[in-house]
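Asker: The working numbering numbers the first residue of the sequence shown as 11 and each following residue consecutively.
Hint data in this document are derived by calculation from the structure and do not stem from the laboratory.
Hints may contain errors.
DEER-style ranges, computed between Cβ atoms [said to hold, decoys possible]: (1) T68 - T13: 37 to 43 Å; (2) V22 - D74: 26 to 32 Å; (3) Q42 - T92: 22 to 28 Å; (4) P104 - G26: 44 to 50 Å; (5) D105 - G26: 16 to 22 Å; (6) V107 - G30: 23 to 29 Å; (7) P104 - G14: 36 to 42 Å; (8) E111 - T15: 27 to 33 Å; (9) G26 - T68: 20 to 26 Å.
If you're wondering where the values come from, they're calculated on a predicted model, not measured in any experiment.
Where a beta carbon is used, it is the ideal one built from N, C-alpha and C, also for glycine.
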Amino acid sequence: SATGTLPQATVVDLRGTNVGWSLTGQLEDFAQGTNTIANSNLAWTPSAAKVSGSGAVTAGAAADLGDTRTLCSAVSGSSAGTFTCDAGLKLNIPDSVAPGEYAATLTLTLA
């Protein structure tokens with residue numbers, strides 16, 4: 011297994027509507043040629059903090075990234091401000107995986 015951290019993302023909500031938002035992540039499978047490591051082998055433990063503003067932020071649940079997961083969110087009525095979101099990462103690599111350099115894309119979506 012290997013551990014690391016997700017680079018910090020900053021969400022700034024200055025829309026003035028306070029309608030809420032969520033920052034989610036979706037990971038594709040790791041690949042090297044025809045060899046793959048399933049995306050569900052990577053898990054994150056999100057954390058979040060308010061930098062400024064009147065809103066509040068909540069970190070998503072610890073989970074594997076085999077499906078779209080919430081990194082952090084702010085509920086309607088409490089989303090105005092500046093917030094940081096990041097996560098600890100843990101990759102479990104099965105012993106049946108061929109050696110080599112594997113790559114995957116993590117897509118973050120703010121909605």
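Asker: Each hint: holds or not?
Answerer: Hint-by-hint comparison with the structure:
no.	hint	in the structure
1	T68 - T13: 37 to 43 Å	violated, 24 Å
2	V22 - D74: 26 to 32 Å	holds, 29 Å
3	Q42 - T92: 22 to 28 Å	violated, 38 Å
4	P104 - G26: 44 to 50 Å	holds, 49 Å
5	D105 - G26: 16 to 22 Å	violated, 53 Å
6	V107 - G30: 23 to 29 Å	violated, 40 Å
7	P104 - G14: 36 to 42 Å	violated, 18 Å
8	E111 - T15: 27 to 33 Å	violated, 20 Å
9	G26 - T68: 20 to 26 Å	holds, 21 Å
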